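> These protein sequence lines map, in sequence, to chains A and B.
Numbering follows my numbering, with no gaps: position 13 of the first sequence is 13.
Numbering follows my numbering, with no gaps: position 165 of the second sequence is 165.
Derived from the structure by calculation, the hints contain no laboratory data.
Do not rely on the hints blindly, as some may be mistaken.
Claimed, not checked - Straight line, CA to CA, 20 Å or less: simulated EDC-like cross-link-like pairs of lysine to aspartate or glutamate: (1) A:356 x A:337; (2) A:241 x A:337; (3) B:142 x B:123; (4) B:19 x A:391; (5) A:17 x B:147; (6) A:231 x A:253.
Model, not experiment: these values are computed from the prediction.
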Amino acid sequence: MRSLWLQVAAVTAINLKSIGQRRWLSLSTVIAIALVVIVLLAFLAMANGFQRTIAGSGADDMAIVLRAGSQAEINSTVSRDQVRLIEDGPGIARGSDGKPLISPELYLVVDGIKRTTKTKANLPLRGIGEQGSELRKDVRITAGRMFNRGSNEVVVGKALLQEFEGLDLGSTVSFGATRWNVVGVFEAGGSVFESEIWADLNVVQSLFNRNNIVQTVRARLTGPAALDELKSYSDNDPRLKLDVKSEAAYFAEQASQTSDLIQKLGWPLAIAMALGAVAGALNTMYSSVAARATEIATLRAIGFGGFPAFVGTLAESLLLAVIGGLLGAAATYLIFDGVTASTLGGNFTQVVFDFKLSPWLIAEGVALALIVGLIGGLFPALRAARLPIVEGLYAN
Amino acid sequence: MTAEHPMVRLTGVAKRFTKGKETISIFDHLDLAIPRGDFIAVMGPSGSGKTTLLNLLGGIDRADAGEIAVADQRIDGLSEGELAAWRAANVGFIFQFYNLMPMLTAAQNVELPLLLTKLRSKERAERVHTALSVVGLADRIKHRPREMSGGQQQRVAIARAIVSDPNLLLCDEPTGDLDRQSADEILTILQLLNGELGKTIVMVTHDPAAANYAKRVLHLDKGRFVERELAA
Numbered sequence: 001m002r003s004l005w006l007q008v009a010a011v012t013a014i015n016l017k018s019i020g021q022r023r024w025l026s027l028s029t030v031i032a033i034a035l036v037v038i039v040l041l042a043f044l045a046m047a048n049g050f051q052r053t054i055a056g057s058g059a060d061d062m063a064i065v066l067r068a069g070s071q072a073e074i075n076s077t078v079s080r081d082q083v084r085l086i087e088d089g090p091g092i093a094r095g096s097d098g099k100p101l102i103s104p105e106l107y108l109v110v111d112g113i114k115r116t117t118k119t120k121a122n123l124p125l126r127g128i129g130e131q132g133s134e135l136r137k138d139v140r141i142t143a144g145r146m147f148n149r150g151s152n153e154v155v156v157g158k159a160l161l162q163e164f165e166g167l168d169l170g171s172t173v174s175f176g177a178t179r180w181n182v183v184g185v186f187e188a189g190g191s192v193f194e195s196e197i198w199a200d201l202n203v204v205q206s207l208f209n210r211n212n213i214v215q216t217v218r219a220r221l222t223g224p225a226a227l228d229e230l231k232s233y234s235d236n237d238p239r240l241k242l243d244v245k246s247e248a249a250y251f252a253e254q255a256s257q258t259s260d261l262i263q264k265l266g267w268p269l270a271i272a273m274a275l276g277a278v279a280g281a282l283n284t285m286y287s288s289v290a291a292r293a294t295e296i297a298t299l300r301a302i303g304f305g306g307f308p309a310f311v312g313t314l315a316e317s318l319l320l321a322v323i324g325g326l327l328g329a330a331a332t333y334l335i336f337d338g339v340t341a342s343t344l345g346g347n348f349t350q351v352v353f354d355f356k357l358s359p360w361l362i363a364e365g366v367a368l369a370l371i372v373g374l375i376g377g378l379f380p381a382l383r384a385a386r387l388p389i390v391e392g393l394y395a396n
Numbered sequence: 001m002t003a004e005h006p007m008v009r010l011t012g013v014a015k016r017f018t019k020g021k022e023t024i025s026i027f028d029h030l031d032l033a034i035p036r037g038d039f040i041a042v043m044g045p046s047g048s049g050k051t052t053l054l055n056l057l058g059g060i061d062r063a064d065a066g067e068i069a070v071a072d073q074r075i076d077g078l079s080e081g082e083l084a085a086w087r088a089a090n091v092g093f094i095f096q097f098y099n100l101m102p103m104l105t106a107a108q109n110v111e112l113p114l115l116l117t118k119l120r121s122k123e124r125a126e127r128v129h130t131a132l133s134v135v136g137l138a139d140r141i142k143h144r145p146r147e148m149s150g151g152q153q154q155r156v157a158i159a160r161a162i163v164s165d166p167n168l169l170l171c172d173e174p175t176g177d178l179d180r181q182s183a184d185e186i187l188t189i190l191q192l193l194n195g196e197l198g199k200t201i202v203m204v205t206h207d208p209a210a211a212n213y214a215k216r217v218l219h220l221d222k223g224r225f226v227e228r229e230l231a232a
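Could you build all of it, start to finish, from the sequences and the hints given here?
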């Protein structure tokens with residue numbers, strides 16, 4: 001057994017040391033595999049970044065109330081009477097003044113212009129209740145001030161400001177038939193709320209003719225366990241045909257739809273490219289076996305077995321694949337990680353997010369590279385193991 | 001080893017090659033006995049089967065019929081794995097173009113057959129040094145093939161062939177790629193290995209001058225041997 005492993009180590013070392021003699025062909029395989037990994041990881045980083053942005057926005061002790069069956073805020077309506085009933089519901093936390101900590105909100109779509117492409121896009125304008133900003137994590141005005149209640153003023157999320165023009169602090173912007181003054185810029189811990197424009201609920205209702213309705217109600221719970229109480233209360237009151245979810249669960253649902261879609265696009269594309277890379281790897285490794293035929297046959301003549309030749313060839317293929325995989329991961333990290341982009345979210349408005357690689361995603365990319373290397377090396381390795389000695393000795 | 005127990009014995013060996021629909025017979029009922037300690041040069045026209053004979057003796061090709069025995073052991077019935085083990089223990093190969101691993105040093109090339117043994121690293125290193133000393137290259141152990149002349153490379157190949165102390169050396173045109181002076185040096189080493197260490201050597205060559213270093217010359221023509229004793 002020791003001899004076998006010595007043989008394997010020797011043949012593998014010989015193979016790996018000879019890669020330089022086939023540097024261009026090997027390099028082309030490395031690049032092909034790297035490109036596969038870049039495509040895959042770019043999509044996965046996009047999905048991951050989107051998911052982190054959306055899913056990271058919600059809290060377990062925050063309830064979001066929508067019309068029963070609504071998948072998103074955009075197609076939900078909650079009446080003024082229902083808001084009052086929610087205010088009196090169980091499990092809702094109250095402030096020091098005894099008022100329930102809730103924020104009825106109206107979510108509208110307005111036009112914006114993307115800085116990079118100068119194209120129109122849907123932006124979310126959210127009318128928030130008095131406690132709207134306090135009910136969200138890490139909200140902070142970074143420039144200017146908060147809008148005044150009762151005035152046509154807006155504050156703009158930091159991410160949205162980076163991606164869309166015409167929303168700079170101090171500027172005036174038209175939404176519908178009304179002009180709005182941008183009086184502040186806010187951040188919200190990198191969450192989806194940074195992709196929104198906020199204004200006073202009453203003003204938005206009034207100027208967009210939605211006087212008696214809101215679309216959602218956000219309510220601070222006394223604790224995560226209070227959600228079931230509120231749900232039960234809603235389910236048992238016929239006047240409340242509403243869905244009550246934790247904000248965390250709501251955003252997780254929202255994120256999974258789009259990130260699943262991104263992944264469903266990314267994987268097939270990467271797999272299609274991987275098939276091409278497998279063909280390249282096969283070509284490289286068959287060429288490698290052909291170039292090393294005399295060496296392989298000489299070792300076999302000396303007394304080496306076929307297994308070391310098999311392992312050595314496979315090791316070469318896997319090494320090229322790992323190099324390609326790591327190169328692809330490094331390139332993806334340098335090119336895409338942290339890049340800001342925007343896409344349509346569940347509310348048909350733009351969500352601004354950063355591409356985000358993670359160690360697990362890199363592992364997925366390298367795993368795909370290894371699969372390419374394994375398949376690309378397997379058949380040439382079998383050929384190396386079965387190469388007739390006489391044929392190999394006189395091959396070159 | 002007596003005439004009844006030769007080092008190499010071929011009995012009724014046949015070898016055919018198929019080329020398209022045509023079958024070419026190289027040997028048909030070939031008999032040969034080579035005593036232990038002999039040094040034989042095999043000559044003959046191209047295509048006469050010299051190299052095929054060497055491959056059969058070395059267990060890297062198979063006969064279509066007949067028996068092949070080396071040191072009284074039949075090798076024609078061994079499996080691929082058994083043949084590989086047998087080659088590792090009993091045969092040293094020397095090729096026309098040396099067949100060294102270009103990325104390995106002289107010492108690493110010579111060590112390769114020892115990786116098939118149970119020897120420890122230190123013992124292997126000692127044996128490698130001894131083998132390279134025998135061929136006069138103890139000072140070149142860290143040189144790679146491209147840093148050596150053709151004659152030096154062939155000497156490394158000889159060291160590789162003898163490092164595991166096989167009884168039979170099979171040389172396929174060992175001087176075919178060398179100038180006269182280097183060829184003479186190689187042939188002198190082979191003579192030394194035969195005379196001093198008792199190695200049985202079968203050498204295929206086209207070169208009559210090389211053949212003169214052997215004890216006997218066998219001419220292979222149309223599948224039959226014609227023997228010529230050398231005066232020297």
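> Does each hint fit the structure? Answer for all of them.
For each hint, the structure was consulted:
1. Taken as a hint, the residue 356 of chain A and residue 337 of chain A pair is honoured in the structure, with Cα atoms around 5 Å apart against an allowance of 20 Å.
2. Restraint check for residue 241 of chain A and residue 337 of chain A: not satisfied, since their Cα atoms lie roughly 43 Å apart, outside the 20 Å limit.
3. With a CA separation close to 18 Å, the supplied pair residue 142 of chain B and residue 123 of chain B stays within the 20 Å bound.
4. A C-alpha spacing of about 14 Å is found between residue 19 of chain B and residue 391 of chain A, which places the hinted pair at or below 20 Å, so the restraint holds.
5. At roughly 17 Å between alpha-carbon atoms, residue 17 of chain A and residue 147 of chain B fall within 20 Å of each other, so this suggested pair holds.
6. Restraint check for residue 231 of chain A and residue 253 of chain A: satisfied, since their Cα atoms lie roughly 18 Å apart, inside the 20 Å limit.
Comparing the model with each numbered hint stated earlier shows that hint 2 is the single one that does not hold.
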